[in-house]
Every structure is written in structure tokens, then in C-alpha cells.
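**Q** Here's the letter readout for the chains.
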Amino acid sequence: MGRSFLSLIVVFIVAAGLLVFQATQGTASAVVPLNDLVATPKQDRLRIRVAGRVADGGIDYQIQPRIVLRFNVQDPGNPSGTVPVVYEGLKPDMFMGGRDVLIDGDFREGEIKASQLLTQCPSKYEPPSPEDLVKSKTPNEVDAHPSSAS
Amino acid sequence: MGEFGHFALACAWFLALFGFIGGAYAGLKQHDRLFLSVRNGTMLCALCLLLSTGALGYQFLTNDYTNQFVWQFSNASMQAVYKISAIWGGMDGSMLLWALILSGAGAAVAYSSASMPRSLMPWVLSILNSSTLFFTTVVLYLTNPFRYINAPFIPPDGNGLNPLLQNPYMAVHPPMLYLGFTTYAVPFSFCMGALLSNNLGNEWLRLTRRWALVAWSFLTFGIALGGHWAYLELGWGGFWAWDPVENSSFLPWITGSAFLHSIMVQERKNMLKFWNVWLIVLTYGLTVFGTFLTRSGIVQSVHAFASTDIGWVFLLYLSIMFLATAALTFLRRNELRSSKTIESLLSREAAFLVNNLLFLSICFAVLWGVMFPVLSEAITGKKQTIGIPFFNAVNVPLFLALIALMGLGPMIAWRKASTESLRRSFLAPFVGSFAIAMFLLWVGIEGFYPILSYSLCFFVTWTILAEIHRGMKVHKPAESAVGSLVSLLSRHRIRYGGYLIHFGVVVVTIGITASMAHKTEVEFTLGRGETHTQGRFNLTLNSLEGFDTQNYEALKAQVAVTSAKDKEALGSLEPEMRFYKKNKETTSEVAIRSSLREDLYLVLAGVDTSGERAALKLFINPLQVWLWFGILVMMLGSLVVVIPQKRGSKV
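Each protein sequence line maps, in turn, to chains A and B.
Be aware that the first sequence starts at 1, since it is given in the numbering used here, and climbs by one per residue.
Be aware that the second sequence starts at 151, since it is given in the numbering used here, and climbs by one per residue.
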């Protein structure tokens, strides 16, 4: 196809590769499982991302003197271990106990100091199942179907 | 009605299968009657999917909770428009919508196919039907929206659509995006058809250029709608977070934009054929890959993914496509070879090539960013992630290089530009842009990238105006300026429509640069009657009141905006915090005051324990509306290009 063509492509591959490599090095953060933080709270870890579930208790949202949100996050598979999180910013939409969140920040002194906090949008592709519906009904309400045992 | 919908879906599946196999056979044997059957079958398939989707919509509108999907995403108190948009509020219905729009595109092609080359069209319809077949298979067997509810009784009310999704944008953004994604199947099918029928002159390009632009326009608008929605709804003052779901819609846009440019080189110079085949296959593949990414659960995102098993089906389809393309391009390698080469780096061919390489670099960077968690874990064993800082660090310089090229490319001669012509075209705008840069520095604008961005935008605008001026002089020197301009636009639609699109890109770039680089972000609390001053504005809290509606309880702050200088009343901002009773979710409703100069974006963060002081967060986003306005200019430009030209007009 011509030497110009090929040399341009090579130049681009090298330049783009360098750009991407350098940017990756400078901005990558480690994805740390929550259980690791629970297991070794004394070990500081900087620039990490953690996924977890907001614990039901212990949510504290202050707006004075600064807007600060404190809560505990837990691993859904291991609810006994929790890690405290402090986030200096607005409480995200749909934030509440039981919601899954993505946290970016530093883990220092046993606490995650979050620089970014994102709540997972719960409904788009993970709808509730009707089984939950059945379980949540009292026997009186289930009476609608005559063949159910009572 | 659910059974009917399911039956219609199954019919569509059989018709797509017929179209796929029949089309291939008709192409192989040049069997005219079979081709016409396939043509009818393709259109009938679209009708069946329309009926199927209609049935699902009917079930939503009549609150038919025997259907599990309807129960999961609807409730009786929702407005009708959101009941309809709930069709694509969950995975099953969204795949049905995809299949529907895809079949619709196929039907449109089939309808007009009788007058197109008979050696090519059977293959094109075959490939289009194969695509419809794939997606219909996914819907029918894996993500069926017509399942019966798995409970011993019919619930009296549904679960309801997430309140964040009960928004007019939900009605438009996904369908628009899907229109963009699926219509890329058309140029893809034309390309495959050309390879299969060995019909590799430039007819397939001519026939599909309009489709490629239509797909690109829908995709652009769909992505912009998503960004606008995020800006209005999510309260973080921005419109794009480089989230994997956002990126998966952006990737085909990037390669699609590259394709729009490189086909011009193929049309004019008969070059880059091999390149273009792979580019359109890559673009279509990325649309399928994006769907795979958002449903497979392999990457984490704020958009929750079902950790379903359907991912492997998509990977299989993509692999088959890749292998087929590789085999066909090898088979047809002689016909795909170019007759010419790039003679000089200072030529329009080279500029187009650099354009494509820049787009592909951006595509690689975004793909790298999306897949990095998966790759890093696979290679090093430790999972790492890269976010917004990475994407900005890489994409800003690459996009700015593209902007520069937007100014340079249209003015460089084909084959080899002489230094004289370069000087004539570029010296003045270059000096002007440099002067602008100095001026901006002098008035206090900071930052290397913002200044570079504004200067380049100035450069591009100058070159566009110069081109238009030159065209007007040559074309009809006697007419009025406006008449000359209109006539220019209508006779050379592709060129001047293209300039209009480029100008739209400039406006978008200025909007993005200003709203991101010069953004102000402050938090403060106000008691009733208190005022906070920020820049040109005074914000005074007039009232802070709670109220109740059927779906939610709310707290609303009424904030008056006045000019700091002369106390002139500028309007009022009323942000709210809402608590939805059914799902027990809280959302904040942002209040925005837009003007050409900036957006005031106010969020009510909360109240203190006494209930007397409101905590507010204010963003001032300069030139924000320029972004949305620029998108509209781009759409207008697309319209100019797409509308068919009168016969005999030059390009």
C-alpha cells in the first residue's frame, strides 16, 4: 500500500501506545475486595476501588459545617465484616441501606476516605422476582388462590 | 395477548431463518423468484416483530400482570407513556425492541431492493436476516418477555419502574440509541453482500453511504440524549462519566465516524477498500459487543447488570463474524487491492488516513479503559481499574488533534499539496488562531488544553468560512449572499452539509471545553432570607417547604437569583429532594438556569436538624448549552447531506 501508509500506521501505534501506557500508569487504581480490607484494617492502601453493599445501620449525613456522608459498607457474602466510609459530598440518588455502591478513594486508618461514590442503578436489568413477592405476603393475602395450603 | 405476542415472535424467527438461508441460496443461484420471496419475507418478519412488540405494549397498558416482565417493570399508577417506555426498561423487552428496529431496517432495505443490483441484493438480505435471526433467537430462547409470572396468584399491582427512569428521556434515549446501533447492520450487510457476491466496485459504498450517515446521526443524537439526561437527572453537574455502558455506545460511534471519512477516499481514489471492509465490520461488531458488555457482567458499572449467561452467545456470534470476514477478505484479496498509493504525506488522502488513525487510537484507548479490569486481572492476577482521569488524559489530546485536522483536511489538495497552496490556505487562519491564543492568555484564561482547544476551534471556523466564501464567489457571484449560500447548500449537499456538521463539532467542542475546564463548584448553607454570592450572581433562599404527592414526599427550596452588580432579578431556582413512597428511594431534582453564557446548576443536598437551613451545592458551567446546541447543528448538517440530491449535481 505504500511506504507512507505503513510508516504512518507504525508511528500512530507507537504514539498511541505510549500515551495509553503512560496514562494507565498514572491513574490506575487497584480493585480491592472488601474482605481484604476487613481482614487487614491496619494496612493502608491508596487509590483503590471497592464494591460493596451499604450496611443498614450507621448512615450519618451531615450538611453542616460541610456536607459529609458517613456509612458502613459490607460484602454481601460476608455481612459480618464492615468497613467505615467517609465521603465529603452529596448523598447520591437512591443511596440507602442494602444498595450496592462503587467507591473510589484511599483506605487509611481503617477507614475508606472516598473521593467518588456511585450507587448502582438497581432496577434496570436486575428486577425483583415474584418469589420475593410471594414470601412477603401474609397468609391472608395469599388466600386469593384456593389451592394454597393454609 | 401474551401468547399472541409470543407466537408473533416465533413467526418472526422462522421468517428470519428463511430469509437467511433463502437469501444465500438465491444469491448463489441467482434465483429471481426466491429473491422476491425473501424480500417479502423480510418485510413480513418486521411486521411480526411489530405485532409482538405491540402485544407486549398492550399488556403493559392493560396492567396484565400474568406477564412476569410487565409485573417487574410497571405498576398501575404510572403514566401511559412510561408504561410503554417500560418495555425497554428491562433486558427482555430491550432485546425485543432491538430485534424490532433491526427488522425494520431490514424491511426498508428489502422494500427498495427490487431496483438495486440483482447480483448483490439477495446476499444483502441474507446477511440482514442473519442478524435479525441472531437477535430474535436471543429474545425467544434467552430473554423472553412473554414469560408467565412465577407466582401462585396474579398480583394486584406491579413492581414499577425505577423513578429515575420515569422521565421523558427514557422514552426517547434507548430507542434512538438502538436506531443508531441497528442501522449499522445495513452497511455491514451491504459490505458482506459485496464480498460474497464478488461485487466489489464502489456500488456497495454508494448504496450504503446514506445508511451509514443515518446510523451515525441516530447514534450521535442518542448518545447526546443520554448525556443530557444524565446532566439533568443525576446531580453531579456533568454529562459524561466514561462509564462502561456509556463507552459501549461510544465505541461504534468512533469507528462509524472514521468510516464516514474513509469511504470518501474509496469513492474518489479507489483506495482503502480492504480498510473499509474491516472498519464497517468492526463498527457493527462493536454494536454487538456493546450489547454483550452491558449484559454479561464482566465489567463493573453503575448500571447494574444481570450476571446472566447470555454473554457467551454474543461472543460466539462475534467470533463467527470475525472468522467469516477474515475468510472472505482473504478470498477476495485481489479485488480489494488498491490501484493507487498515498504519494505524499501532505495530501488529502494522508489527512483522511490520519483522521482514521486518530479515531482508531481513541477507540483503542476507550476499549482499553473499559477492558482494563478484565485484562489486568487476567495478566497480573490483581484487578485494577482506570477511570475518568485516564480517559481525559488520553482522549483530550487525540480529539484536539482531530479538531486540528478538521481545519486542515478540507483545504489540502488531493495527491500532493504544494507549499504555495498550503501557504495560501493556512497562513492567515494559523496566524489568527495564534493571536486568539495570545488574547485568551492575556484576558486570564488558564490551562494549556483549553487555550489550545479554543484556538483550534477558531482555526477550523475560519477555514470553513473561507471555503464557503470561496464557493459562493465561484458559484453565483451575482446573486444575493443568502441566495448564493442556500444554492450552495442545495447543490453540493455532501460538501457543505459536511462543513455544517464540522461547524457543529466546533460548537460542541467549545461547550465541552468551557463547561469542564472553567467549571465552578461550591457548597454552602442558607437560612431563609440569606444570600450567597458567587461570581455575577446572588442566590437568596426564599422558602424551604415540604409537600406531598401521590408517588412521593418532597422538600423544595425556592432560591431567587439576582445579579450581584445591579440586583436585577434573573429568575428562580427550585431544587427538590424527593422520597418515593413505594420503593423508599430518595432522589434529588436539580434546578438549572441556562443561558448562553453559563448554566446555574443547583442541588439541594439536605436540611439541618432544625429544618431551617438548606445545604446547597452550586455548579456554574460556562457555555454548557453550546454543547447541546452544537449537537443540533450537527443533526441539521446530517439532514442536509442525507436528503437526496437532484440528478446531475456535482459533489
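It is possible that some hints are incorrect.
Unchecked claim - If you only want the chain A side, here are some residues facing chain B, beta carbon under 7 Å, derived:
#1 A16
#2 L18
#3 L19
#4 V20
#5 T27
As the list claims (entries may be wrong) - Examples of chain B residues toward chain A, derived with CB under 7 Å:
#6 S511
#7 W518
#8 V544
#9 E673
#10 G677
Since the hints were derived computationally from the structure, they do not count as laboratory data.
Predicted model only: the values in this text are computed from it and were never measured.
Just so it is clear, CB atoms sit at the ideal spot from N, CA and C, and this is done for glycine as well.
**Q** All hints, please: hold or fail.
**A** We went through each hint and held it up to the structure:
no., hint, verdict
1, A16, "holds, 4 Å"
2, L18, "violated, 10 Å"
3, L19, "holds, 5 Å"
4, V20, "holds, 5 Å"
5, T27, "holds, 4 Å"
6, S511, "holds, 4 Å"
7, W518, "holds, 6 Å"
8, V544, "holds, 5 Å"
9, E673, "holds, 5 Å"
10, G677, "violated, 11 Å"
Checked against the numbered hints given earlier, the structure breaks hints 2 and 10 and satisfies all the rest.
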